[in-house]
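Chemist: Sequence:
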Amino acid sequence: MTNAAGRGAPGWRGTLAEFIDGLPAQRSLLALASTIDALLAGPDVVQEHGVRLHDALLHDLGPVIERDPLIAASRLEGAVRLAIADAVSPFTVLGRLTGFAPTTPEEFTETLPRLLGAAMDRWVGEPAITTPLREALDRLRHDEAAAVDAAFELACDDLRTALTATEMPAVLESLTTARSRFATVDAAEQARHDARAYAAACDAILAFAAQDPDRLADAADRLTTALDQRSAWLRGTHQPQWLRPRHAAEPAWRRLVLLLRAAAARLAETIWMDVWEALGAVLDAYTQVRSLQPLPGARTAPGLAVVIEPTIENAIVRSQSRLAALRRTVVEASAIENPPLPPRTAQLLLDRIESTGTDRRPDLPQAARTPPEEDEDEDGHAATSRAHRLAPALVRVLGERHAAGLTAGLCDDDLRMLDGVVHSSEIARSRTAHPVLDPLLETLLSRLSESPEFTGRVRATFGMLLEQTLRFLFSRADLTSTTWGRGETDYRRPLRKGERRPRESDLQRDYHQWLATGQLGGLVAVETTDLAMGRADVTTTFGSLRYVTEIKRELRDSSRGHIEAQHVPQAAAYGGTNVPFGQLLVLDLTPHPHGAPRVDESVWLAKHRPPHGGTDRYVIVGVITGNRPTPHEL
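Numbering (full-length UniProt numbering), first residue to last: 1 to 634.
Bear in mind the hints are in silico, worked out from the structure with no lab data behind them. These figures come from a predicted structure and were not determined experimentally. Keep in mind that the hints are not guaranteed to be accurate.
As the list claims (entries may be wrong) - Between beta-carbon pairs, the in silico distance windows are:
| no. | residue 1 | residue 2 | range |
| --- | --- | --- | --- |
| 1 | P251 | G576 | 53 to 61 Å |
| 2 | S321 | A252 | 31 to 39 Å |
| 3 | A460 | R352 | 36 to 44 Å |
| 4 | T224 | P452 | 37 to 45 Å |
Ideal placement from N, C-alpha and C gives every residue a C-beta, glycine not left out.
Whole structure, please, built from the sequences with the hints as guidance.
Modeler: Laid out in structure tokens, this is it:
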């Protein structure tokens, strides 16, 4: 039928139009999917009937989502494919993609991340389109059926940001964020070989930038294994034609990592005995980053060039023998009729190095550098760039300013070793991380880093307390009454008429016991007096550092605005004589006829500045849902 329409056969145009108009009545999922595939396979059909097909697929979609979510998802996919093919304006279908409600059936929402990701690939670089798509993915992280896939697509978005950024700090920050998210997805779902491959590719780029051949070799091996497993996993399965560009992009990462591995091995050599072969390996990596498309939609990769090209240039600059070899090779190449290397590429590399001056040594500690006249701004920029390039994981943990400060006292090898320790700890945590807890912890730590005091020992200690608090909240959201501590009051139970309401002390006792029997045993106390002229509920002390957790109960209004107005000022007051960080746990006993909200929707960072004060105080707020029905009762 589509072939006949494509040839413009007499009588078939009207028949095809009537057929498309009747498509919303189709109730068979397989028949609908195959029909859409057949219609979209004909360019003439798409060109002549694309708008009609688009309108038919989206006709009365809302009731279909509730009645038959899989049929609705298939129809929405067809409309998205039409928009991606530029057959229709994207805005109507994108409104459908992002307009889902919290009560939308899971069978429908679990298909959305893939469609949103395809749209992000197509309209990358167009903020008016990608911003609502990104916000929709962020909302889907809270949907149980779609959470893992949404996290993967957000990690791909971080990778796109890295590929399009033009400054090394921005590139490496996005790369480390993407690497962490991919690793978390891999930990949450073992069959996500694509996430494992992307995480390994990010590791390889970061390792090459840090000139760490061991980490680069390990990343290359992990990438190869992951892609082989993915190929075996998908062998013999149907792969939609419109999604194949993303699958085809994965081998591009394999090629890039192999090129980097070969270049790193050559740059690690003391001297190049075979100059042509060595420069061939280096120049392949040098030039490929600008022509490679390792993600659909990323038509250029300046971010990779920003990381890889300076790494190669710096390595050659530091070795006068390599620089001499490069000069000689350029001269020889100009005199050879068929040189084994592209003379233009070699000349480009040489010109870039010569233009920066052969006396620069950006990888030396700042104290050891002796440029003739260099202002403080240039020194600071060089230190920051060096920290990002050699220790991106350290920058992620400490922040740019504090990580850059370490470069004055550490040589390259020590800085790489320190970054390796941080990198290993991040990977170890990602392999065991919870797909919701881990992103929540990362987000809160990132927000806390806005405070100049959240660094060093404060970050380590309060970060440890925060992680234990989040684990407590997740545990209490899951435990059943039968597994609750014997003899303890279950303060989450539904309230019956005339029954005693749980008190703040019930939550206080439970939280204190959780901390006292865990990693922070011996560091916590309850009802500590003489703090800010009051009595603190739960105090955690690390030497001279003290953090107070205030416990409250809410019977009438558990909204964020009410909690921040009524309870945060008291919790913040305890930070007046110590570091300005604390916690507030609120037992919410208001009615919850529709069940409890997700834990990551009940935890946030509140900032409070007392009247006439000049310093913000930071309070982690966690709401524990009491008076809640069981899933069976819902």
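Chemist: Compare the structure with each hint and give your call.
Modeler: Evaluated hints:
no., hint, verdict
1, P251 - G576: 53 to 61 Å, "58 Å, holds"
2, S321 - A252: 31 to 39 Å, "33 Å, holds"
3, A460 - R352: 36 to 44 Å, "41 Å, holds"
4, T224 - P452: 37 to 45 Å, "43 Å, holds"
When held up to the earlier numbered hints, the structure conflicts with none and fits them all.
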